[in-house]
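Assemble the whole structure, with the sequences as input and the hints as a guide.
Chains as they are written, first to last, in the numbering used here: chain A, 1414 to 1480; chain B, 1101 to 1288.
Mixed in with the good hints there might be a few duds.
With a straight-line cut-off of 30 Å between C-alpha atoms, the simulated DSS-like cross-links for lysine-lysine are [unchecked claim]:
(1) 1280(B) x 1450(A)
(2) 1415(A) x 1280(B)
(3) 1450(A) x 1415(A)
Using C-beta positions, here's what the derived DEER-type ranges look like [claimed, not checked]:
(4) 1213(B) x 1464(A): 37 to 43 Å
(5) 1263(B) x 1470(A): 52 to 58 Å
(6) 1459(A) x 1201(B): 54 to 60 Å
(7) 1288(B) x 1437(A): 58 to 64 Å
(8) 1155(B) x 1427(A): 30 to 36 Å
(9) 1427(A) x 1252(B): 48 to 54 Å
(10) 1456(A) x 1274(B): 30 to 36 Å
Per the computed footprint, the stretches of chain B lying under chain A, defined by three or more beta-carbons under 8 Å from a beta-carbon of chain A, are [unchecked claim]:
(11) 1227 to 1237
(12) 1282 to 1288
Derived from the structure by calculation, the hints contain no laboratory data. Where a beta carbon is used, it is the ideal one built from N, C-alpha and C, also for glycine.
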Amino acid sequence: MKNRLKVLRAERDWSQAQLAELLDVSRQTINAIENGKYDPSLPLAFKLANLFGCRIEDIFKPVASDK
Amino acid sequence: MKSDVQNQAMSELTKNLFAAGLTGASFGLLYASGFGVSLVLGVLIGGLFGIALGFRLTNRPPKMRYPMRLARRMGYAATFFLLASMVYSYLIDLDLTRSQALLVTLLPTLGWTALVVSIGMAIASLDELQRRIQTEAIAIGFAGTAIFVAGYALLQFAGFATINVGVVLLVMAAMWLVGKLWTLWRYR
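As structure tokens, this is what we get:
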């Protein structure tokens, strides 16, 4: 799964730690999602979408191997 | 005059040092008695190691976001388990009836249950990635310990000395740590 989390976060000038605080998760989790090492759960994906004011599919895009 | 925040931090430090020191001292006591080393030395080394760890954890909280009260609860449960195991090993050597012996064997089991429940509660308090890391680490620890125990059982058939259960617990902890480092590296 590819995602635009890093770009969205940079647009708002938030650090990973600030975003983690807003979502009530660890910085490690944000880092793993941004690097594509971890796909978040649906509730966390919804929280992210709400926070950035967009849809889940605007943040996450499947790659060929996910299909 | 110290502010409320400073007082709160100090009280947190005191609680952490007490819990970690107590747990370390219990570990030291159990292992000193198990391996026939001086008990005072065991308690001293274990207690000092625990206090140092408590100090470190207070000043630099671990990446795993356990609330400290749950970490302290794990320490108290571990202490209960270790001391119950010592009381058990003392009582079981006395001239007990079968029903008394059965009751005595429940003591460490209660301690072990308290420890496992406190670990479960701490893991449940983590966020989703950290919970996954811990769960995978436990799975690796479980598999590694199973391989070690089964492998050593075969060695025992070949004439190797019987193994102390304390060593099995140490192996389990080491395997868990290896599993955790491996999964932490994977999700880095």
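Results of checking the hints against the structure:
At roughly 16 Å between alpha-carbon atoms, residue 1280(B) and residue 1450(A) fall within 30 Å of each other, so this suggested pair holds. Of the supplied pair hints, the one linking residue 1415(A) and residue 1280(B) holds, its CA atoms being roughly 26 Å apart against a limit of 30 Å. Proximity of residue 1450(A) to residue 1415(A) is assessed by CA-CA distance (about 10 Å); at most 30 Å being required, the pair is judged to hold. At about 40 Å, the beta-carbon gap between residue 1213(B) and residue 1464(A) stays in the expected band of 37 to 43 Å.
Range check, residue 1263(B) to residue 1470(A): Cβ separation about 55 Å, and the 52 to 58 Å hint holds. A hinted range of 54 to 60 Å for the beta carbons of residue 1459(A) and residue 1201(B) is consistent with their spacing of about 56 Å. Against the hinted window of 58 to 64 Å, the Cβ-Cβ separation of residue 1288(B) and residue 1437(A) comes to about 21 Å, which falls outside the hint. Checked against the hint of 30 to 36 Å, the C-beta distance between residue 1155(B) and residue 1427(A) comes to roughly 32 Å, which is consistent with it.
The given range of 48 to 54 Å is respected by residue 1427(A) and residue 1252(B), whose C-beta atoms sit roughly 51 Å from each other. Take residue 1456(A) and residue 1274(B): their Cβ atoms lie about 35 Å apart, and the range 30 to 36 Å holds. Under a criterion of three residues with beta carbons nearer than 8 Å to beta carbons of chain A, the stated coverage of the segment 1227 to 1237 of chain B is upheld, 5 such residues being counted. For a cut-off of 8 Å, the count of residues in the segment 1282 to 1288 of chain B with a CB near a CB of chain A stands at 3, and the three-residue condition holds.
Hint compliance for this structure: hint 7 alone is broken.
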